[in-house]
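A.B. asks: Spelled out, the chains give:
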Amino acid sequence: MADNELILTDVTKRFGGLTAVDALSMKVSSGQIYGVIGPNGAGKTTVFNCITGIYKSEEGSVRWRGEEIRGMTPYQIVARGIVRTFQTIRLFSQMSVAENIMSGRHIKSSQGWWHGICPTPGSRRDEKENWMKVGELLEFFNLEEFAATPTMSLPYGLQRRVEMARALAVDPTLLILDEPAAGLNDNETAELVDTIFSIRQKGITVLLIEHDMELVMKVTDYLTVLNFGKKIAEGTPEEIQKNPLVIEAYLGSEDEDDE
Amino acid sequence: MKKLSLVSLLVFLVVMAILPHLLDTRWQTVAVTFLVFSVVALSQDIVLGKAGMFNMGQAMFFGMGAYVTAILNSHFGWPIVATVPVAIVAPVLLGIVLAAPIVHLRGDYLLVVTIGFNIVFVQVLINNLGGVTGGPNGIFGIDPLRLFGFELSSQVAIYYYAFAVLLLTLAIMINLDKSKVGRALHYLREDPLAAESIGINTRLYKIFAFGLGAGIAGLAGSVFATQYSAVSPEAFEFIQSVLFFSIVLVGGSSIPGVLIGVFVMFVLPEIFREFSTWRFFVFGFAMILTMILRPRGIWPATFGKIPKFLIKEPKNGG
Amino acid sequence: ETLKVGVQAPITGSYANEGQGIDNGTRLLANQINAAGGVMGRQIEVFTCDDQATAMASAICARELVNRGVKMIIGSYTSTAAEAAQKIYYDAGVIQTSDGTADSLTEKGYWTFLRNSFPNSAEAEYAADYMVNVKGYKRIVVVSDFSSYAVGLADATVAAIKALGGNVVSYDKIRADSQNFTPVLTNIRSKNPDVIFSAGYYTDGGQLRAQQVALGINADFIGGDANDNPDFIKLAGSAAKGAKIINVPTVDMLPYDLAKDFINDYEKTYGERPPSIWGLMNIDGMRAIIHAMEQNKSFDTRQAVEYLWNMDEPIEGITGPLKFAKDGNRIGSSYMTFEIQADGSYKIAHQQ
Amino acid sequence: METFLQQLANGLTIGSMFALVALGYTMVYGVMRLINFAHGDMVAASAFVGLTVYTQVMGQASSLFAVIAIFMLTAGLMACVGVILERVAYRPLRTAPRLSAVVSALGASLVIQNGIMLIWGPRMRIFPELVPQHYWHFGGVVISLIQVLILVISLVLMVALYLFIEKTRIGAAVRASSIDQDAARLMGINVNNIIALIFVIGSSLGAIGGLFIGLYYRGITFNMGWQYGLYAFIAAILGGIGNIPGAMLGGMLLGLFSAFISGYVSSTWADAFTFMLLIFILIVRPTGLLGERVAEKV
Amino acid sequence: MSNDVLFTIEDLEVSYGAIAALKGVSLEVQRGEIVTILGANGAGKTTTMRAISQLIKTKSGSIRFKGQELTKIPAHKIVKLGISHSPEGRRVFGVLTVEENLLLGTYSKGKVNPKTLRWIYEMFPRLEERRKQLAGTLSGGEQQMLAIGRALMSDPEMVLLDEPSLGIAPILVKAIFEQIKEISRQGVTVLLVEQNAKAALKLADRGYVLEVGKIALEGPSADLLASEKVQEAYLGKKN
Ligand SMILES: Nc1ncnc2c1ncn2[C@@H]1O[C@H](COP(=O)(O)OP(=O)(O)OP(=O)(O)O)[C@@H](O)[C@H]1O
Ligand SMILES: Nc1ncnc2c1ncn2[C@@H]1O[C@H](COP(=O)(O)OP(=O)(O)OP(=O)(O)O)[C@@H](O)[C@H]1O
Ligand SMILES: CC(C)C[C@H](N)C(=O)O
Ligand SMILES: [Mg+2]
Ligand SMILES: [Mg+2]
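Protein chains in written order, with the working numbering: chain A, 1 to 259; chain B, 1 to 318; chain C, 1 to 352; chain D, 1 to 298; chain E, 1 to 239.
Hints in this document: simulated from the structure, not taken from any laboratory. Backbone N, C-alpha and C fix where the C-beta goes; we use that ideal spot for every residue, glycine too. Heads up, a few of these hints could be off.
Chain D regions said to be covered by chain E (calculated; three or more residues, Cβ under 8 Å) [claimed, not checked]:
1. 67–81
2. 170–176
To spell it out: a stretch of chain C is covered by chain B in this simulated footprint if at least three of its residues, at any positions, have a beta carbon under 8 Å from a beta carbon of chain B; those stretches are [what the hints assert, rightly or not]:
3. 100–113
4. 133–141
Calculated Cβ distances over 12 Å to all of chain C for the following chain D residues [claimed, not checked]:
5. 53
6. 57
7. 60
8. 64
9. 98
10. 117
11. 123
12. 124
13. 125
14. 149
15. 156
16. 213
17. 218
18. 222
19. 277
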């Protein structure tokens, strides 16, 4: 297997006259927790959409493990081990937590279409195994008691967790998170930090967007900063924190007395 | 709920198994049609209820199955049994070919396109394309079903034939819910983009739903042609598709729901035939009232069908 | 014990008024006969089943009525519904009398079927002869809708015209009730026709005529038998004048006392005139069967039909003399061409 | 050429009637995401109401004033029916799944259609020739007074409606309600009133369409609503449902399609070809010609 | 601060079907105050806001604004009374332009106050840049700005802000919080729901802590900030 590297070269995405992403290049290496930050409307989500096949960038290339994935459909990209969560939660809201997580097992299931019409012992076994896997994920994310609860009646924080569990069910190599801490309180954010670390422990590379700087500083290994679709800085969190361009465009001056 | 479903399914099966012996021939005819319509409605449920595609053209696949059987039998002298596989496969192929370019259409646009297909289909029948459809009159005098040397022409015999087809369909429906493809349909109905983003090829599964639905409807059509020993275009008009569409929604897109839907939307009007001029007026009100009282249908589909071992009591403390 | 009579007709749906006409007529006749003591002492009991003019509902109706133990079926109005039920009545030995005009109705050899109208082919021949030989039209246009009746009549007419060496410049289809016929007519206009023959129903025919005149198409207009309805004239409005209709004598034209009395009774009972000749044709069918039973002094259906096949003298009917051929066809058609006058009345332009 | 121009006139006349009816679908759909399947039957009912107004209220007077009065009265009455329809059949289903309201609409369609049959009977009713039979000849092209009236009145109404929705405060409220009713309430918009307004406008336009049908074709039947409803609904979809200029364009195009196809291609296959063309357009432009405005971002 | 009570909630109960979301909430807001409601996910903060705006029917209890009972008033009349609401999830009108969204904010007034519009554009220059863009295609944070701006357009006396900093870049969060301070200085009363408890308490005069549908704690911000319970539960001070 080639290196689990994601390389963006000169990716450009336009909406009408607006260039949302402007000749962006970046490289995410295997095992990293990689952060993308930047002001609102800088183009972060758009970059993720270009990686995951929701948009096709007009120019540039998106290479994953040496393969060009630009122009592939989302499900083809998932099949190559890249999974994402959304900035606004997109769960199957009427379905239970367990069913939501089970959806992530789709591409790992060995069943063919004909098994939907006529089951075989093999398909029954496969079904069982996948539900077992869902059980494991419920446990990992501490969601066991909600297994049968429809996700729409869960509070926001738990929905976020379900979404992440669903993404992990795919057994991804690269997990992409769009503002996973949005709407979480400090305690929940702390839990999230732990979760992200344990995900990395499983050998999964993580790429995330986040505005919660505390979290970003704590978890990421490397950062890219976007403004107006362009990269204005990249480096380790420490470097970025001190970068005057980033402070001006994004962080704001530290005029507050922090503890 | 789960227990209730099981018990009612059992009661339903027992009642249906002895039913024809309790009815006179007219009601036997209604009962057979009930079975056939149930199969079509279930097939519609695959497309509309499970995959969430607004298909208002299911009568076309139903009609295609019926016409395949009628044409092969009356023009080419095939025995009815031999026509059945073709009556399934032809609609499946048509379903796939037609669905492929249209499944990307959203809700109401798909609805119009499927209505369009249905209208084109009926016009093909009426214009007697290829000289085999019998034009506006349709085809009469189709042979009865012959199996192992027996001629199954009585309504009771056809009843059991149709009943067997319904059981087969139910088996498929139940299995579908417990399989990868069945779940994929639910996911893509709820949120196609999220479904794509966890690796589901939504296009493929939508086409699958159309194909499977078409095949089942085609089989039902074949039974229908055998029952009436006649086919004619108006039985497959788009208005008939509207009926199947409403059945699924009134019933509520669960198996018992669809069966109740067929009963309410087809058998009840038969029962109230006496009140001919008022019946549809009242019936319309009943439809409105049903939806107001049971917006998700009389017996809605439920989710949360997950294996028992996953359901844990809430932890205390911790 | 009663004599059970079934009515199978479109009580609801597009042809509701014709269906209700058949039902009303049947019940009226039954009441009249019952008041006079019934049939050989038995009162008539009428059962009605709505076939909605569809094949499927028709088959259900047929089974229901057979179950009720009826001896005869009056209806249905459309050929499609009549045809779908034929075999069930045949199997049960129940006589069915219908105004359905499709030729195929009498081609199956079911002894139980008696047509009380005249087949499409008979009208087609008359119409072709009238257009080609009598009027000498050189450029003929035929228009029909998609119903089995209209397609049957139009196909037969086109074939008959060709057989006589006539020239059909265009054969067009319109969708029944679609009202907007100007596109088809505009196309017809470019063909410079001498005559437009409309093989559909009066509702479309009336509008076709009105729109023909509005488009300035200077061609004669001839409507087939189903155009014979007062609504044709109302729909065509000022354009009705000069249009021609081919039919057997119509409700308002029936010269027989029997007809006048029956129509009067009908009007008294229901507050309106029968919607068309077709209901009356069906009543005649019923009268013929009852007549046969009384002559045979038996309610046996096979005997009654055989009696009707073998009659020497026709029975007096509301719609004219009643006589039947062995294949179930009514014989003795007497088609004529009416021309509509400015005041809406008919003038006989030609007679068979 | 003569034939072509004549077909153009034919197509535009029928097309503007489709468009008037299509606006009713599109407006209701825009705000409620509901295909109001009862709308076609409302159109049919309007024709019957109009005829009764003419015979009973106007005492069969046929002056210009009488014709205008018939239009006003009928539109007013049908607006009330529309509001009642919404109250009874749709409002209780506001928060229900989308398709439940569609079934309710199908139920309402049955009620109205059979209601017409119970009140006015199953027979065709016939309008008198209220508009003088006046024709203009341009070369070989014949255009009648009523055609001109239909075209002009429809266009004026459509443009007025468009301006109302796009340029006025209430129009903005209508558009806001069509996107997010709760958020609209937060702005102080009385969503119930807006929906009632939608039904008033939609039903009165439908009523005018129904009267045009009566005046132009003159024969009206209790079940004629289905086909006008279907065609108008398809026109709305073709233009991009929820989109007012789309409904106009869709209606006109559908009228032209059917005119040119049944005129030039084949009358036998007119429906089939019209629908195949339509299907093709939708395959190429999945949200209709002008597109439904969508702005969904992930 | 003068004891000028503008707004009170007493014993408010709300449920979604069988699920009780609020089980007797009482609170009080004085004119010109910034009051924050804290609470874990699902505590019922948003439900409280929605109940005030009458977007959800209350089961029992009362909500009074300037002495007027709100529970008997339909939702669309609330904003006329001077309460506007920037809802959770932004709820901008996606297929309307940014400017149309802002102008709808003044629908209840019937006319636009150009000064307010100016002020909002100054606060969020990005909105002015994108005046003609469809709101639905704005980035998450841009939509949040629009939602806040739209709520302020009606020159309300009291504004309800449900997680205004959600998805907003740090630099803007600071700016928004400053603006909240500013509008409060201009006499607008603010009821604020925030996940970022520390920032919210620093900004607010007083706070309430909601726990599963009930008020668990209340008091001046400084007290709450100092309270051990709050520190543990909301400020992530367990390490
Ligand atoms: N479908 C679209 N059509 C038009 N403009 C778009 C579209 N999607 C995004 N944009 C614009 O592109 C720019 C980048 O948007 P994007 O969502 O990538 O920002 P972001 O960096 O994720 O911001 P945030 O942190 O606020 O989520 C924004 O200005 C947005 O308005
Ligand atoms: N539409 C709904 N249907 C059913 N339950 C709901 C609904 N909306 C909210 N709830 C439930 O009501 C309770 C309170 O929810 P609310 O949204 O008010 O919480 P919140 O404090 O705003 O939380 P968050 O921080 O996640 O925004 C939760 O338990 C939630 O699950
Ligand atoms: C008008 C009638 C001659 C029609 C005929 N009953 C048929 O449908 O065949
Ligand atoms: Mg973003
Ligand atoms: Mg909330």
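A.B. asks: Against each hint, give a clear statement of whether it holds in the structure.
C.D. replies: How the hints compare with the structure:
Counting residues of the stretch 67–81 of chain D whose C-beta lies closer than 8 Å to any C-beta of chain E gives 0; at least three are required, and the coverage claim is violated. Requiring three or more residues with a Cβ within less than 8 Å of a Cβ of chain E, the coverage given for the stretch 170–176 of chain D holds, as 4 such residues are present. With a cut-off of 8 Å between beta carbons, the stretch 100–113 of chain C has 3 residues touching chain B; three or more are needed, and the interface restraint holds. Given as covered by chain B, the stretch 133–141 of chain C fails the check, having 0 residues with a CB less than 8 Å from a CB of that chain where 3 are the minimum.
Once the 12 Å rule is applied to beta carbons, residue 53 (chain D) is consistent with being away from chain C; the minimum gap is 19 Å. No Cβ of chain C comes within 12 Å of the Cβ of residue 57 (chain D); the nearest lies about 21 Å off, and the non-interface call holds. Distance to chain C confirms residue 60 (chain D) as a non-interface residue, since its nearest Cβ pair spans about 14 Å, more than 12 Å. Every C-beta of chain C lies more than 12 Å from that of residue 64 (chain D), the closest at about 19 Å, which supports listing it as non-interface.
The beta carbon of residue 98 (chain D) is kept farther than 12 Å from every beta carbon of chain C, the shortest such distance being approximately 30 Å. Not every CB of chain C lies more than 12 Å from the CB of residue 117 (chain D), the least distance being 7 Å, so the non-interface label is violated. The Cβ of residue 123 (chain D) sits about 4 Å from the closest Cβ of chain C, inside the 12 Å cut-off, so the non-interface label is violated. Not every C-beta of chain C lies more than 12 Å from that of residue 124 (chain D), the closest at about 6 Å, which undercuts listing it as non-interface.
With a least CB separation of 9 Å from chain C, residue 125 (chain D) falls inside the 12 Å interface cut-off, contrary to its annotation. Annotated as non-interface, residue 149 (chain D) keeps its C-beta farther than 12 Å from every C-beta of chain C; the closest such distance is 14 Å. Look at residue 156 (chain D): its CB is around 22 Å from the nearest CB on chain C, clear of 12 Å, so calling it non-interface holds up. The beta carbon of residue 213 (chain D) sits about 7 Å from the closest Cβ of chain C, which is not more than 12 Å, so the claim that it is off the interface is violated.
Interface exclusion of residue 218 (chain D) from chain C breaks down, the closest Cβ pair being 6 Å apart, not more than 12 Å. With a least beta-carbon separation of about 8 Å from chain C, residue 222 (chain D) fails to lie farther than 12 Å from that chain, contradicting its non-interface assignment. For residue 277 (chain D), the shortest C-beta to C-beta distance to chain C comes to about 15 Å, beyond the 12 Å cut-off, and the non-interface label holds.
Violated hints for the displayed structure, listed by number in ascending order: 1, 4, 10, 11, 12, 13, 16, 17, 18.
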